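Chains as they are written, first to last, in this note's numbering: chain A, 1 to 790; chain B, 1 to 492.
Quick caveat, the hints were computed from the structure, so don't treat them as lab data.
Note that the structure is a prediction, hence the values are computed from the model and not measured.
All C-beta atoms in this analysis are idealised placements derived from N, C-alpha and C, irrespective of residue type, glycine included.
You may find that some hints are simply not true.
[As the list claims (entries may be wrong)] Listed next, the stretches of chain A that the computed footprint assigns to chain B, with coverage defined by at least 3 CB atoms under 8 Å from CB atoms of chain B:
1) 73 to 80
2) 95 to 105
3) 273 to 284
4) 294 to 301
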Amino acid sequence: MEKMSRVTTALSGSALTGRTMHCHLDAPANAISVCRDAAQVVVAGRSIFKIYAIEEEQFVEKLNLRVGRKPSLNLSCADVVWHQMDENLLATAATNGVVVTWNLGRPSRNKQDQLFTEHKRTVNKVCFHPTEAHVLLSGSQDGFMKCFDLRRKDSVSTFSGQSESVRDVQFSIRDYFTFASTFENGNVQLWDIRRPDRCERMFTAHNGPVFCCDWHPEDRGWLATGGRDKMVKVWDMTTHRAKEMHCVQTIASVARVKWRPECRHHLATCSMMVDHNIYVWDVRRPFVPAAMFEEHRDVTTGIAWRHPHDPSFLLSGSKDSTLCQHLFRDASQPVERANPEGLCYGLFGDLAFAAKESLVATESGRKPYGGDRRHPIFFKRKLDPAEPFSGLASSALSVFETELGGGSMSWFVDTAERYALAGRPLAELCDHNAKVARELGRNQVAQTWTMLRIIYCSPGLVPSTNLNHSMGKGSSCGLPLMNSFNLKDMGPGLGSETRLDRSKGDTRSDTVLLDSSATLITNEDNEETEGSDVPADYLLGDVEGEEDELYPLDPEHVHPEEPEYVLPQEAFPLRHEIVDTPSGPEHLQDKADSPHVSGSEADTASLVPVDSSFSLLSVSHALYDNRLPPDFFSVLVRDMLRFYAEQGDVQMAVSVLIVLGERVRKDIDEQTQEHWYTSYIDLLQRFCLWNVSNEVVKLSTSRSISCLNQASTTLHVNCSHCKRPMSSRGWVCDRCHRCASMCAVCHHVVKGLFVWCQGCSHGGHLQHIMKWLEGSSQCPAGCGHLCEYS
Amino acid sequence: MNRSGGSPSAAANYLLCTNCRKVLRKDKRIRVSQPLTRGPSAFIPENEVVQANTVDERTNFLVEEYSTSGRLDNITQVMSLHTQYLESFLRSQFYMLRMDGPLPLPYRHYIAIMAAARHQCSYLINMHVDEFLKTGGIAEWLNGLEYVPQRLRNLNEINKLLAHRPWLITKEHIQTLVKTGENNWSLPELVHAVVLLAHYHALASFVFGSGINPERDPDISNGLRLISVNNFCVCDLANDNNIENASLTASSFGIVDSLSELEALMDRMKRLQEEREDEEASQEEMTTRFEKEKKESLFVVSGDTFHSIPHSDFEDDMIITSDVSRYIEDPGFGYEDFARRGEEHLPTFRAQDYTWENHGFSLVNRLYSDIGHLLDEKFRMVYNLTYNTMATHEDVDTTTLRRALFNYVHCMFGIRYDDYDYGEVNQLLERSLKVYIKTVTCYPERTTKRMYDSYWRQFKHSEKVHVNLLLMEARMQAELLYALRAITRHLT
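Next up, chain A with everything else stripped away, as it sits in the complex (with noise of 0.2 Å):
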């Protein structure tokens, strides 16, 4: 902010010089305008309205035109503009309705010339004509336009919008008999000044009121609205028909709105509520403001470019009683801030991920997350130099694929589908989801139902002395199961072979859609080294790494022969995990898929030594002693939960917290519950698993989750005569005035639980129908059909 800078217009030939700097005024302004030669601005409010000069390094009071003793309403602006033609004259719009002139050149300290007292409500707006000297404009609250010409006492012509009250009043630059005006209904009228008797053209330009509007200086017929529907568009009056160009879309009403000079798609607009801040928007890129001024603590009222012909100096007036100068290059500019990224899903689950290139640069040297990111494609796209925005596009996309095997998620549709969750004694319960997972090869899950069963059922006895040996197998049994999906992932360099190929495939097709003046660069080569090598190396650490943590865990397990518990014959695969398997906290996060399970099993058992787990088949319980409450083993459950929600598995998750019910929830918090519930309803709702879902939020526990079902509840009925939604009541259809649903046996209204036989389509009161169908088999209608009620 504090550094000068000069610009130099080539047009005014002299030089334009300043820095963003700002002066306190006495009081909030309404509107700003500023002088012919951009030296001067003149500041009108409620109660001010002063003339400032514009110095290199300030503001400068120059002229107070509020005098007199007492402050009158004429005093009190809504508008005030310089004239373009001549600097001695400005205009007023006074709140109480009245038109002020004002002539500079008067001797006398009271500059007021002429008072004009047509309008009976505020005058929203006054304007001069840019090229005419004598001739002003001014727009009211009471509907009318009124055209005056300074030579004479009273306006000389008055113009009725025919509609409601009238918000802004512009002249054509480029048209010299042209105006335009908005009013508060949203629409924007076109009228020629030589007749006051019609519009000549009017169309409704926003919903609400349309605040403001700003002919283009440079482009004939173009004109900006800006609205309370937080719009700004622009619109091309050339065309028979009002053209809608461009639309801005910003967070708040928009109060005013001006062209910025020499830019041809930029303007600059402030907001009436709420939002403090100056936009500079190019209309092109309607999305992100071009540049921002944020210096104002209130709403700005008042906005003017410097010069018509310099770009960069804006001036500003503002609630918060300060005027502002703001040079452009001293703007903030949100592109900057912005995280250009876009993430999409696909029809077929291949993900789509676009980034500014610098990231992406950056991420594609660096290591990929292992099992994380898949063979993505990189397409980079080459600028093209005639696009406007050359600086700003540059992103690089990315398409990720779903593998085709690793896709299926058939495990999931059917654990969900058999998964017995309640109803039968926990035991059953566990044993049964336990056999499930077995049967669809997913041993891990498998074993961890045993184990729960185990924990929770059995009698619970554990010798005091065995709690650390518990302890530590509790923990490990969450561990290895990522280590056992970690070997399968990494698998035989073959599969990312076969991916490469499908990468390039993909690759291929995908050029076609995209612009063709757009280079494709591929990043195949890193992709090779990505999808094989890195995981083979990392396959390799890990195995290296192996042998050397086993033992440091040994000392836990060291005493397999040590009684400890039955465990069932299928649990044998996890033990030679637990062993075998390091445990690093690394692993985590590279497993994050548990889909690829069902690859290569077999391999990786055959990795594993087998012999060291039969010792553990003289575990037995009967041993143990000392009664260990189920709660010691809360924690326990409760990382393995964790973890494996954590590895995506939200399935396991649910399901384990509502089988074993009160015994864990209150060692988890709600929040994650509810999480946990909410992805995995929603899930089973992708895979259209209603009935599942359904279940699943019944026995949930989380009173947000539960009032999930007790939402939008409603079945709307159809009128069978109209065929039209039957929206208030049920019963009788608001168009047709029918009742729709007729009892075939009383003749009324059905208006509570209606019956109907599906093959004639006749029905009624559910108690009469029964009633019928005890004495008679026929339809009560008379139709003849032999209706059955079951």
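Mind docking chain B on chain A? Use the hints.
Relative to chain A, chain B alone:
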């Protein structure tokens, strides 16, 4: 007029106004008969409303579509004299009670109860007690404010101010409500609550102003919750001049030739519309006129015989039925004239600096989406509603009259329009009408049938209902403007 359900012997079912009680005290033999009036309003003959109703299919449609209770209640029946308006009214009311919004349904009804309780409007309270229970509200809350969550209780202060002296609301009030803490309100919730409060304060004005009768068949199911059956003292209903009121009728209203009165009013309107320029009032003059109007509104009611009762006597009758007061705190807090507090002298609210169209709408719509449009439509509708008739005359431009009514209400809340000449109010609104307006907007619970009858005698009832609609919406807008301005200040 104050009412109280104090006298257990005679007034089991209805309440007595001060006058009647005085009379009763003097002469114990006087027996008061049960009110006979039926139909939706105690002020308007039943056939006036019902006649209009049978013709109107549209009303039924609207009720089916938007009514929360599912039946044609008395308010709707009276409002259905103006179907156009009724639609926007019901639509916005339905939206704030039933559609998507930040507050849970029972909360909304409870807030409505709190708002209505400020004016002791048992009609609205009963209605919303039903709805509150129906939407799953906790019955215990109905025992009074000490049974509701602290969060809801915190609304009390703003409810009180909004109902009686909205100009006192500051951003500090908003800040204390939204300040993070256990019982804080989010801004959208607060805006929803404020809209509800303003709506029900204003609706209470309408209920009293139009003399809405209690529903014909109140739900007995929760009969214990039902408060007094009728709010209108028999003396209003019977309309017999008792000793004290006789003097009033004679002195302030006299026997004026009502027809010439109407003609004169229309004449003045025409004059105002045509020649505005002739007398060029200076700015000082205009300001004085506003101040004068403000000041005068001060005496409008207090100068009235009804309230010339000594203050102590007044206080005596201030005991509000405990049924109602359990929903409010500080029951003594009431309207105080904006102009009266000479010493502190709060600045006048300049309408042009914070208008509904520019500012209020944007804020309300931002925080509670779509309600802005509905309210906007409603305000617009009521402001522009006209049939171009006045009593028996047709083709009359009533714009000035409507504007005078609207601005007069705002004037009493200290809102000033720069572009309005408050001299017009004096010319257009006769004294009895001013009494009525002041009562209905500032302390509606004191409205009597006599007040309703005493102004504009030759006008149709539907036109008087139209006046009530204007008063109600003007009041709601004034409250909203003050509340929203405070919220805006809090935000900046």
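Results for each hint:
Figure legend: the stretch 73 to 80 of chain A, annotated as covered by chain B; annotation consistent (4 residues with Cβ-Cβ distances under 8 Å, at least 3 required). Using a Cβ-Cβ cut-off of 8 Å, 3 residues of the stretch 95 to 105 of chain A lie near chain B, which meets the minimum of three, so the contact claim holds. Using a Cβ-Cβ cut-off of 8 Å, 3 residues of the stretch 273 to 284 of chain A lie near chain B, which meets the minimum of three, so the contact claim holds. Given as covered by chain B, the stretch 294 to 301 of chain A passes the check, having 3 residues with a CB less than 8 Å from a CB of that chain where 3 are the minimum.
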